[in-house]
Amino acid sequence: MSVQGRNLRYAVLIGAVVIAGAGIWFVSKSSAPPSTEKIQGAIGQRNVERDTKVNDADVAVTPGEAPVAVKEFLKSKEFRKIADNQSFKGLMSNQSFKSLLSNQSFQGLLSNKSFMALLSNQSFQGLLSNQSFQGLLSNQSFQSLLSNQSFQGLLSNRSFQGLLSNQSFQGLLSNQSFQGLLSNQSFQGLLSNRSFQSLLSNQSFQGLLSNQSFQGLLSNQSFQGLLSNQSFQGLMSNQSFKSLMSNQSFRSLASNQSFQGLMSNQSFQSLLSNQSFQGLLSNQSFQGLLSNQSFQGLLSNQSFQGLLSNQSFQGLLSNQSFQGLLSNQSFQGLLSNQSFQGLLSNQSFQALLSNQSFQGLLSNQSFQGLLSNQSFQSLLSNQSFQSLLSMQNGMSFMSNAMQAGSSAD
Amino acid sequence: MVQSRSGGFKRTARALVQLAVFLLLGRAIAKAAHPKLYIQETKNVRVIYYSPAHEYLIPYLIRCFENALKLDRKIFHYTPSEKVTILLEDFSDYGHGAAGTVPFNSISIGLEPVDHIYETVPIGERMSWLLNHETIHIVMGDNASRSDRLARKVFFGKVDLSADDPVSMFYSSLTSPRHYAPRWFHEGIAAFMETWLSGGLGRALGGYDEMVFRAKVRDNDYIYSFVGLESEGTAIDFMVGANSYLYGTRFMTYLADHYGLDKLLAWVTRTDSSRRYFSSQFSRVFGKSLKAVWDEWIASEKAWQEANLKLIRKYPVTKPRRLPFESMGSVSRYFYDPETKTIYAAVQHVGHMAGLAAMHTDTGRIEHLRDVQGPSLYYVTSVAYDPGHHRIYYASDTKNWRDLNVYDLATHHATRLMKDTRTGDLVYDSTDQSLWGVRHNNGLCSLVRFQPPYAKVIPIFTFPYGIDVFDTDISPDGRSLTAGIANLSGEQKLVRFNIGHLLKGDGHYEVLHDFEYNSPESFVYSPDGRYLYGNSYQTGASNIFRYDFQTRKMEVLSNAETGLFRPLPLADGTLLALEYTAKGFAPSFIPTTPLNDVSAINYLGQDLFEKTPELKTWKLPPSSTINSGKVITSSGSYSPLRRTRPISIYPIVQGYKNTAAAGLRMDFSDGLHVSGGDVTASYSPDTSLPPNQRFHFGLNAHLWNLKVSSYYNNADFYDLFGPTKVSRKGSALKIEDSKNLLFDTPRTLDLNWSVAGYSGLEALPNYQNVATPVSRFLTGQVGLKYSNLEQTLGAVEDDKGTQWQLISGLSYAGGTGFPQIYGTYDRGFPLPIHSSSVWFRGSAGKAFGNPNNPFANFFFGGFGNNWVDHGTISRYRDYYSFPGVKLNQIGATSFTKLLAEWNLPPVRFRRVGSTALYVNWARLSLFSSGLATNLGRSSDRQGFGNVGAQLDFRTVLFTYFNSTFSTGYALARDNQGKVSGEYMISLKIL
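Chains as they are written, first to last, in our numbering: chain S, 1 to 409; chain Z, 410 to 1399.
Hints should not be assumed to be uniformly reliable.
[What the hints assert, rightly or not] In silico EDC-like pairs for lysine to aspartate or glutamate, Cα to Cα no more than 20 angstroms straight-line: (1) Z:723 - Z:838; (2) S:75 - S:65; (3) Z:1020 - Z:666; (4) Z:1028 - S:56; (5) Z:902 - Z:882; (6) Z:1194 - Z:1153; (7) Z:902 - S:51; (8) Z:1143 - Z:1159; (9) Z:1116 - Z:1087; (10) Z:1039 - S:51; (11) Z:902 - Z:964; (12) Z:625 - Z:573; (13) Z:1028 - S:58; (14) Z:1020 - S:51; (15) Z:1209 - Z:776; (16) Z:962 - Z:923; (17) S:71 - Z:628; (18) Z:697 - Z:746; (19) S:53 - Z:705; (20) S:53 - Z:1349; (21) Z:1025 - S:51; (22) Z:728 - Z:628; (23) Z:1138 - Z:573; (24) Z:445 - S:72; (25) S:53 - Z:900; (26) Z:445 - S:58; (27) Z:828 - Z:1349; (28) Z:808 - Z:1349; (29) Z:865 - Z:841; (30) Z:865 - Z:886; (31) Z:1143 - Z:1199; (32) Z:1028 - S:51; (33) Z:479 - S:65; (34) Z:1039 - S:65; (35) Z:672 - Z:1023; (36) Z:1143 - Z:573; (37) Z:992 - Z:573; (38) Z:902 - S:56; (39) Z:1209 - Z:1087; (40) Z:1028 - Z:900.
Honestly, the hints are just simulated from the structure, not real lab data.
Predicted model only: the values in this text are computed from it and were never measured.
The task is simple: from the sequences and hints, build the whole structure.
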């Protein structure tokens, strides 16, 4: 560094220090530096000034009002894309929808970028233009669902958005009965359930939801009651059951009108709500059986459905040991046997199945071993033997004989 | 190596494409992470908010602001220098406010109901009350004399402090002299004014304020001088920063009471003829020094409180029978287990982590069960007890959005049940195992319920705006829920809800007792359900009250000298309560006999009010007198970028290598600091420099987290002093961004990335003594940084926790890429000694490439502090630091390092200095570290060890400019036995 440079640097430095010092002195100059009623008894009331009366009219706030944010939303690119739609214009003039727009939680949703992206989806725009869906949007109960933060999270889920853009599902959304379900608080609770949301986000399940026949089931009031059942909701959220719902074969069963009839049966629904039976439904082996077309035929059989609706038989189905038998592949083969199914459809045999004593036998592991025995199964499949079993006397004989055998073990 | 021209072009093109991708990525991240902002403006204010759900409050907020400003103009002869920017936010479960005037007028308002525990703040309409307080801060800092206005013209605005250019301190004090007054001054006058503008609703008439000083007098506790208050009082007392409000309000009230309102106003009002510095103006107005009058106040305060104690002692005083514990500092709602004779509560005291505690009443032992993260100042947190399962439910993160947690007393295991429940005032219903609480959300108060497994908040009833519900309890039969309820006017009642009705959405309640303007606090059921016990300031001091459901009468049970809080009736008929003492709350037994005679005490604020009729005229008219529809001039979306403007321009001096430079700096920003930055340009007249190095330019800009910085011949103020240099020849452009992957304070995890290009450099950007082998190169870095640090109340820095970072970098120089990766891990433990901690800091890294190339090396050495500095004071903790050897002396392609450090308790100074300059604390740290380098190459492997100490003194200039004087010495030794030493002296500015 040259001498000249150093001098200049010191000059600048000294200058800065002098200016700073002068500043400090200027700011602090002449600052003298500090040298080093209703209450019992004679209870007094504090006397303090309180002139603090505020009337509601002085404050005059209405939680939920957000005209500026709504105005900005209406000016947004996403909104402009759908604003030209004639039908949507009708929605905009709908008083109830206007109230939705001023709902504070829904406005929060408007700030959600993912939801805005959904709004710009052409297919979803089509749905918004659907008068029936607009009716749903105007439904106060559905609006409260839209205001639910968890449901908003679901709306922001891309996969679910894909489902919303699915025309078939949109048809379902436009279905008044299904809208009734959407307005059901309990079902809304299910929709707000994260686990169920993950099921809704499952593409395979979405496929099922897009199935018109399954949609018919969803529109069935009785089935909706089942969906609103907390225990069944728990089952819907069960990982294993979710995989069953996503199973192509089961989907075809679920789409079967007769099976849907069974699902709509209140007694069967109570069985579905039974935690033990839910455990069976979550059993992969039993799920395999449910996916078996032949067994599905049996499930679609009205007479067998009657048996399934029988409370006593339901007790048997809830029996863990019997569930073990149902999960036994060999026994499942028997159940899939059309001839045996005929027997199962036989009312007299069903009476036997409903007989508690016989059920005890069915729960007996040793007898279950016998049922799993192919030779015995062929005997059971034998029509002559079946006719014997179908006879009142034969039934009691069978029951007594088997019980005696069981005791002897 | 000779590179072909086409190869060089391709590489450059590739680098440019990579840079563009990074830019686009950064832009995408920046765009994705930001909320949409809205604005509504009047002639005087712009209100910005981010949630449409908050918009319903904006017109009212504007009316409150305009209403307050109208009177402020009149009282303080105030003309705003610019519009005030107000941010309405919902970052916390309790309402709050903050204001600043430098570099522009800004206010932040948290919209939830305020936390009025123990009547530390008044209950009433909070928006007007908050704005009455915050606008006073604006008036105090923004009100200008002729000379202030001239300075603002010269510098194009109010100059903000910048640690990069500390000359800004001088300019800032010229443009905003009154901003540089102590916190007790600002908070004192704001709390004083809030009271009278709100018709008596404020801390000048606060029961808690009156009690704090009464307890100090009764307990012969030290009352701080105005210097000691700032240097020690706001750090070691359990109320820490709240002392600024308490002392300031009291002193202002005393001045008005003894010297008159006119003198008080003459002191605090900035006029053309007033003096710049607050204490200079004080002496001029009062004819005495601030110290003399402060001492007068302390003497007067003692006399005032002795008189109040005499009034209380007129009737038999309640003598609490203390449990064998010291005063606990802050205490939550607590529960008693008769089987183990243990009290369970959350407690917080100076020098200790806040946490759940088991207080064994038979032995006096206090067992720390579990830290409570993010505790509240006065009550730590909301706590509920499940006696059947021996579990404590508690809220954490009380300063932000509260979480719900459970602590199992049997397993000593804590679990977070749900995040961001926003719920406090927890109470457990043993009849159905449900938890009830009060939730604050979007400015509204709701009763909510949790059912096992407590994973979902079930809203039960939401109250209209302005209705505040607090201190809930549930009857032993599970049929009724009681609470305190307050309305917009601050009128409060003890009420009872029918739980069955509530569950059907019916929020009607039965009024048990009307407490008028007094708060019915902490009312809880007796075990037999016949009584409710609670406390209230009805007599002026906080006493214990009992409501009898059979006679439907309220009885008073105590005549407390200071104050009694949180009564807890026990099954055996005895009664526990917390007695307020000068050191905090002390658990005690008190008698349960109803009293017939309790004297009311006098409030200093009321004494002033009765002497000064003018105060009555300060009561603001209803805000409905302002028509927000007329005053709002515009509304819509808020774009930070479009609102960015220059805020000040001022001269600077900088150092470049060994020369000095002079130039200008311009700061720019929007009203929220979302977008902004600075530009500097300077010139070194030193002819020893080549002409192409005499001009210096620097730019720093940011939009949200995205930052762009650039320089040409970088110059820096601190290069004027000492051995550490950051000035560099050449030019650079750097883009960086960060994203929160986890934000659950104090736990945070950030993802950071940056790309930078350099040209014409002689030395590496981070290593001043290492020459670059090439003049042009690119660098990129991606890193994760985790932090979970906590500090005890009153500590000078974090004394517990973990932090780590993992950084991966790539330098692209001379056609070759040099990857490197390194990580650090720090873990600290508090010692039983007050505010003392031990830390272990480990680091390791590896660089790849030719070991002879500097880009493939890490460099270590030196303390790193410059003689005058603005970086962190404890630089020896950084992985690249190694005190005892010279800066950048040790080069290594790989390394591992471990540092052990003991921070001794700080010594705080009560009486060293004046308001213009005082010493706050001193702290000694001892450390030792070991460094092993070139681990993979046995021929080059080296080992180093050192031992050292650093002593820091924190000083404060003009109450705002924190500076730290540090000195240290370290001895280092390498594995050859060579020993070297280093002495460090440094003054950190700002």
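| query | Between residue 53 of chain S and residue 705 of chain Z, does the CA-CA distance stay at or below 20 angstroms? | reply | violated (36 angstroms)
| said: So if I understand the rule, the pair passes when the alpha-carbon distance is 20 angstroms or less; does residue 1209 of chain Z with residue 1087 of chain Z pass? | reply: violated (36 angstroms)
| message | Run the distance test for residue 962 of chain Z versus residue 923 of chain Z: straight-line Cα separation, threshold 20 angstroms. | response | holds (11 angstroms)
| query | Is residue 1028 of chain Z within 20 angstroms of residue 58 of chain S, Cα to Cα? | reply | holds (15 angstroms)
| said: Between the alpha carbons of residue 672 of chain Z and residue 1023 of chain Z, is the straight-line distance 20 angstroms or under? | reply: holds (14 angstroms)
| Has the given pair, residue 71 of chain S with residue 628 of chain Z, been kept, meaning a C-alpha gap of at most 20 angstroms? | This hinted pair is violated, its Cα atoms lying about 61 angstroms apart.
| Holds or violated: are the alpha carbons of residue 53 of chain S and residue 1349 of chain Z at most 20 angstroms from each other? | Violated: residue 53 of chain S and residue 1349 of chain Z sit about 81 angstroms apart, past 20 angstroms.
| Between residue 1138 of chain Z and residue 573 of chain Z, is the straight-line Cα distance small enough, at 20 angstroms or below? | holds (19 angstroms)
| said: Can you confirm whether the C-alpha distance between residue 902 of chain Z and residue 56 of chain S stays at or below 20 angstroms? | reply: Given that 20 angstroms is the threshold and the Cα spacing comes to 18 angstroms, the pair holds.
| query | Taking only the CA atoms, is the gap from residue 902 of chain Z to residue 51 of chain S under or equal to 20 angstroms? | reply | Since the Cα atoms of residue 902 of chain Z and residue 51 of chain S sit roughly 18 angstroms apart, the hinted pair holds (cutoff 20 angstroms).
| request: Given the hint that residue 1028 of chain Z pairs with residue 900 of chain Z, test it: the Cα-Cα distance must not exceed 20 angstroms. | output: holds (18 angstroms)
| message | Hint check: residue 625 of chain Z vs residue 573 of chain Z, CA-CA at most 20 angstroms. Holds or violated? | response | Since the Cα atoms of residue 625 of chain Z and residue 573 of chain Z sit roughly 43 angstroms apart, the hinted pair is violated (cutoff 20 angstroms).
Against the hints set out earlier in the document, violations occur for numbers 1, 10, 12, 17, 18, 19, 20, 26, 27, 28, 30, 31, 33, 37 and 39.
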